[in-house]
Amino acid sequence: MDYAYLAAGLGAGLTIFGGALGIGKLAAAAMEASGRQPEAAGAIRTSMIIAAALIEGISLFALVICFILAGK
Amino acid sequence: MIDSTTTNVIVDSLKSSQGESGSGWILHHVMDGNYLDFTPFFKIYLPQFQLFGLDISITRHVIFMWLGAALLFFVMTRVAKAYKKSFVPKGFTNFWELFIIFVRDEIARPTIGKGYEKFLPYLLTAFFFILFGNFLGLIPFSATFTSNIAVTATMAVFSFLFIQYGGMKSNGVFGYFRGLIPHGVPIFLVPIMIVVEFLGLLAKPFALAIRLFANMTAGHIVVYALISLIFVMQSAYWAGLAIPMALFIYVLEILVALLQAYIFTILSSLFIGMAVHQDH
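Just so you know, the sequences run in chain order A and B.
Residue 62 in my numbering is what sits at position 55 of the first sequence, and the numbering runs on without skipping anything.
Residue 71 in my numbering is what sits at position 70 of the second sequence, and the numbering runs on without skipping anything.
No lab work stands behind these hints: they were computed from the structure.
A virtual CB, placed ideally from N, CA and C, is assigned to each residue, including glycine.
Check each hint, because a few of them may be wrong.
As the list claims (entries may be wrong) - For each label pair, taking beta carbons as the anchor points, the in silico distance ranges come out as:
1. LEU253(B) with GLY78(A): 34 to 40 Å
2. ILE23(A) with LYS91(B): 41 to 47 Å
3. LEU61(A) with MET234(B): 47 to 53 Å
4. ILE193(B) with ALA48(A): 35 to 41 Å
5. TYR12(A) with LYS170(B): 46 to 52 Å
6. GLY78(A) with PHE74(B): 34 to 40 Å
To be verified - Negatives, chain B to chain A, calculated, CB over 12 Å:
7. PHE93
8. PHE142
9. TYR263
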């Protein structure tokens with residue numbers, strides 16, 4: 008039996024779960040820090056975007072593997 | 002009037018054109034191809050040729066890369082000529098100055114610090130090339146050349162070369178590699194740190210390439226998958242749900258296009274800054 012599609016779907020779902028959790032916590036910390044010190048909001052926003060892109064990059068590694076699995 | 006017969010005909014033609022799997026047509030549209038696809042009107046077949054056994058045929062992504070490069074060249078030479086006349090821009094030049102000042106003041110100067118001017122041409126080129134590529138992919142009937150792993154890998158190789166060049170120019174060839182290992186590390190950890198830092202040197206540009214490629218490819222695949230919902234459900238009334246969802250993802254794609262150009266440029270300049278000023 009061919010489980011490649013199931014594996015690709017499960018893999019993508021789990022990866023997105025982990026990535027969204029990480030970026031959600033990151034955004035929560037950024038919001039709280041901006042609320043405490045509104046003058047630093049610009050610098051906090053820049054660092055948040057960079058960190059979010061790095062986390063998303065990792066989850067996209069797994070997504071590429073799911074593409075390869077689904078293409079088989 | 003679209004009725005169930007029309008959707009059935011389209012579904013059957015899609016299923017028969019991609020024999021192995023029903024969803025093969027999504028990948029067929031997102032990946033590179035040997036013809037410019039203007040179906041249902043016409044297809045333009047592009048020349049294919051080989052050189053020393055390597056396949057260098059002209060494909061869709063090549064055509065759109067040329068288009069992006071030509072667009073970049075004409076826009077930027079016009080902006081540069083306008084600066085010769087006066088330092089106060091108006092109109093067309095004013096619009097592009099927004100982005101150029103953004104790259105200089107928010108990306109290059111904070112991350113590289115002193116000596117950022119040497120790397121500014123490369124950072125500006127990378128930013129605008131990726132920006133134009135991502136936006137060109139949003140036009141209907143076009144192709145996104147930044148969703149090609151070969152293009153993003155080449156851009157990551159250029160970033161890697163600039164990082165090494167910047168690091169070796171400022172710290173000397175041997176001093177750069179010595180500076181990779183952080184200060185105050187116990188002596189028995191140094192062999193491990195050498196391996197880890199070396200792999201880190203290679204992993205960072207690799208991540209740059211994969212991030213851009215996967216973001217662009219995944220966005221387009223989601224739009225195609227949402228529209229294909231109409232054909233999977235084999236009823237034209239699903240368009241009432243599928244088209245607004247696809248439109249929402251399409252607008253998100255515009256944001257992602259801007260964001261990915263910014264992320265590639267700022268991560269490249271961050272790595273260049275870390276290589277040039279190794280003592281923070």
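task = Find the nearest Cβ of chain A to the Cβ of PHE93(B) and say whether that gap is larger than 12 Å.
result = Given that every Cβ of chain A is farther than 12 Å from that of PHE93(B), nearest at about 28 Å, it holds.
key: GLY78(A) and LEU253(B) - C-beta distance against the hinted 34 to 40 Å   = The hint (34 to 40 Å, Cβ to Cβ) is violated, given that LEU253(B) and GLY78(A) are roughly 24 Å apart.
inquiry  = Using Cβ atoms and 12 Å as the threshold, tell me whether PHE142(B) really stays out of contact range of chain A.
reply    = About 24 Å separates PHE142(B) from the closest Cβ of chain A, which puts it past 12 Å; holds.
Cβ separation of GLY78(A) and PHE74(B), checked against the hinted range 34 to 40 Å = Since the Cβ atoms of GLY78(A) and PHE74(B) sit about 36 Å apart, the hinted range of 34 to 40 Å holds.
ask   = CB of ILE23(A) to CB of LYS91(B), is that within 41 to 47 Å?
value = holds, 46 Å
query = Do TYR12(A) and LYS170(B) keep their Cβ atoms within the hinted range of 46 to 52 Å?
reply = holds, 50 Å
query = Regarding the assertion that TYR263(B) does not contact chain A, is the least Cβ-Cβ distance greater than 12 Å?
reply = violated, 8 Å
query = Do the beta carbons of LEU61(A) and MET234(B) sit within 47 to 53 Å of each other?
reply = violated, 38 Å
query = Per the hint of 35 to 41 Å, is the separation of the Cβ atoms of ILE193(B) and ALA48(A) within bounds?
reply = holds, 39 Å
Hint compliance for this structure: hints 1, 3 and 9 are not met, and every other hint is.
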